[in-house]
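Line order of the protein sequences matches chains C and R.
One point on numbering: in our numbering, the residue at position 71 of the first sequence is 71, and numbering is uninterrupted.
Quick note, our numbering runs 1000 ahead of the 1-based positions in the second sequence.
A portion of the hints provided could be inaccurate.
Said to hold, decoys possible - Here are the simulated lysine-lysine pairs, DSBU-like style, with alpha carbons at most 30 angstroms apart:
no.	chain 1	residue 1	chain 2	residue 2
1	C	Lys-54	C	Lys-155
2	C	Lys-155	R	Lys-1077
3	C	Lys-81	C	Lys-155
4	R	Lys-1147	C	Lys-155
5	R	Lys-1147	C	Lys-18
None of these hints come from the bench; they were simulated from the model.
A quick note: this is a predicted structure, and the numbers were derived from the prediction, not measured.
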Amino acid sequence: MGMTLTEKILAAAAGKEKVTPGEIVSVKVDVAMMDDILGPRIEIAERLEELGAKIWDPEKVVVISDHYTPPATIRQADIVKFTREWARSCGIRRYHEYEGACHQILAEKGYIRPGMIAVGTDSHTCMGGAVGAFATGIGSTDMLGVLVTGEIWLKVPASIKVFWVGKLGPGVMAKDIILKTCGIIGHAGATYRAVEFVGPAIKELPMDERWCIANMAVEMGAKNGIIEADAITDAFLEALGLDKGKHFSSDPDAVYVREISLDASQLEPQVACPPAVDKVCPVNEVAGEKINQAYVGSCTGGRINDLMMVARILRGRKVAKDTRLLVSPASREVYQRALKAGFLETIADAGGVILAPTCGACVGAHSGLLAGGERCISSTNRNFVGRMGSPQAEIYLASPATVAASALEGRIADPRPYLEG
Amino acid sequence: MPHGLLRGKAWKFGDNINTDLISPAQYMEMNYEEIGRHAMEGVMPGFSDRICKGDFIVAGENFGSGSSRETAQIALKYAGVGGVIAKSFARIFFRNSINTGLPVLELEEINKIEQGDELEVDLGAGIIKNLSKNESYVVPPLPANVKELVEAGGLIPYLRAKHKK
Ligand code: SF4
Chain C
1 MGMTLTEKIL AAAAGKEKVT PGEIVSVKVD VAMMDDILGP RIEIAERLEE
51 LGAKIWDPEK VVVISDHYTP PATIRQADIV KFTREWARSC GIRRYHEYEG
101 ACHQILAEKG YIRPGMIAVG TDSHTCMGGA VGAFATGIGS TDMLGVLVTG
151 EIWLKVPASI KVFWVGKLGP GVMAKDIILK TCGIIGHAGA TYRAVEFVGP
201 AIKELPMDER WCIANMAVEM GAKNGIIEAD AITDAFLEAL GLDKGKHFSS
251 DPDAVYVREI SLDASQLEPQ VACPPAVDKV CPVNEVAGEK INQAYVGSCT
301 GGRINDLMMV ARILRGRKVA KDTRLLVSPA SREVYQRALK AGFLETIADA
351 GGVILAPTCG ACVGAHSGLL AGGERCISST NRNFVGRMGS PQAEIYLASP
401 ATVAASALEG RIADPRPYLE G
Chain R
1001 MPHGLLRGKA WKFGDNINTD LISPAQYMEM NYEEIGRHAM EGVMPGFSDR
1051 ICKGDFIVAG ENFGSGSSRE TAQIALKYAG VGGVIAKSFA RIFFRNSINT
1101 GLPVLELEEI NKIEQGDELE VDLGAGIIKN LSKNESYVVP PLPANVKELV
1151 EAGGLIPYLR AKHKK
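Build the full structure now, drawing on both the sequences and the hints.
Structure follows, in structure tokens:
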């Protein structure tokens, strides 16, 4: 009986020949990431001191202030200051602030590479699986354990295989792939599972789009999402001056608890309706619903490929009256690239508001919260009640293309007509 | 997770009570007491004022889905929640609860418990007694390694034993 990609990475990190789903293993951690909102301030700094313990390897730790940068309140500013000073006092060199969403930083700095074990105090740490690594979100107390021992115990998850054939049509994006997948598997359908994305449609996606897919694995309850590393992954790392890492691939006779096959060429733009990420339908079923805010941003939908698509749709057009379009690039680097490429100018000319690279509105902390009764369409990953502000607001999730088209109409709209001709 | 008998009233909730409802992000920058004051605010404003210390949350499927925020456990503990009984839990929430010592029990027959029922929970034996209805329910045992952690009193005491010089 063969092993899946996830099982192989866990076996290697546990120093074992073979692992099987359900087995509990202790694995060595390659990257431990903490953010500002759930990092050192919650039970970590204080407890570490109480234990009189030292961080096992500060070179493997990354600390990122992203949720509260730029701070909207004094308390947020205090938290960022605390996080910064704590990182310094622990000798952590990989500290970043005001640079964008933590997962995007891990990705673009090449901190996470194929075959690694990455854990983070944020549930979307699973995004790192896009390079063929095992990446998962953990709580603060678990992180404390990692910081002290450099290891974590994990139950080896059984895997679900999601096979995408075909080729995406114009105006259809990776976000539509993952929304469709969430709709089928359901918000708890992958609890305790690994979700492995395979097939020609996935192989063809650039890294930017792959991150988006792995990012939302946790929206199905999954422990991790994963895409096998290939030549596209290698080229991405090579551009950063990094080596390929350790490539693993699933055996042909690996065992999956569930296999799903879908056709990308048949896929239409998808929308997740409030208040659940698996209430998914094709855009045309909700087209025409009035919106107040259109939001493009986050570690899910704010990368350069996303902003390029938004700019293409907005070029020479104007955001609808009484509608606001807010755009927060996923990182400072994305911001800079989009600026130089002219995407930000196009967005601003269309009437969009460019925000700092931040978690901000995505987590409902600052920079664009929703009022009661307002409706938003967003390229982020969660549409829970109260996620982006008032519990009386409604959030639709869609691709950056669909968000941009909706901003133009002031109503939920299909992006495809805007890309014709 | 503490041993012994826990007693409190049941507060019923539905499926998919996610971490944004348990611990809304807007309050996460505050101190633990204040985080506790806003516990469950996304589904039941005023929850922390309405419950008595030790009361239980009794919920449906997928309790605690979403974020990895341990402020969810902090919010519930500071609000005075004695434990959570649910049909099923989201993975990270369950793990964080074990690590932080918030009692979490998986129960298939949650529909037998009604709002306001008086419950007595024997964590060691894995038995929930419904005193209002004179019924009891058996909770499936925890996996061995998790039980070990629970018996150590959570992750921190375990680490303390291991690392305090
Ligand atoms: S951008 Fe949103 S989803 Fe990503 S880390 Fe920040 S809050 Fe979480």
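Would you mind confirming whether the straight-line C-alpha gap from R/Lys-1147 to C/Lys-155 stays at or under 30 angstroms? Holds - the C-alpha atoms of C/Lys-155 and R/Lys-1147 are around 14 angstroms apart, at most 30 angstroms.
Restraint check for C/Lys-54 with C/Lys-155, where alpha carbons must lie at most 30 angstroms apart: OK: C/Lys-54 and C/Lys-155 at ~26 angstroms, within 30 angstroms.
Given the hint that C/Lys-81 pairs with C/Lys-155, test it: the Cα-Cα distance must not exceed 30 angstroms. Violated, at about 36 angstroms.
Hey, C/Lys-155 versus R/Lys-1077, does the alpha-carbon distance stay inside 30 angstroms? At roughly 27 angstroms apart (the allowed maximum being 30 angstroms), R/Lys-1077 and C/Lys-155 satisfy the hint.
30 angstroms Cα cutoff - pair R/Lys-1147, C/Lys-18: holds (25 angstroms)
In summary, the structure is inconsistent with hint 3 from the numbered list given earlier, while agreeing with all the others.
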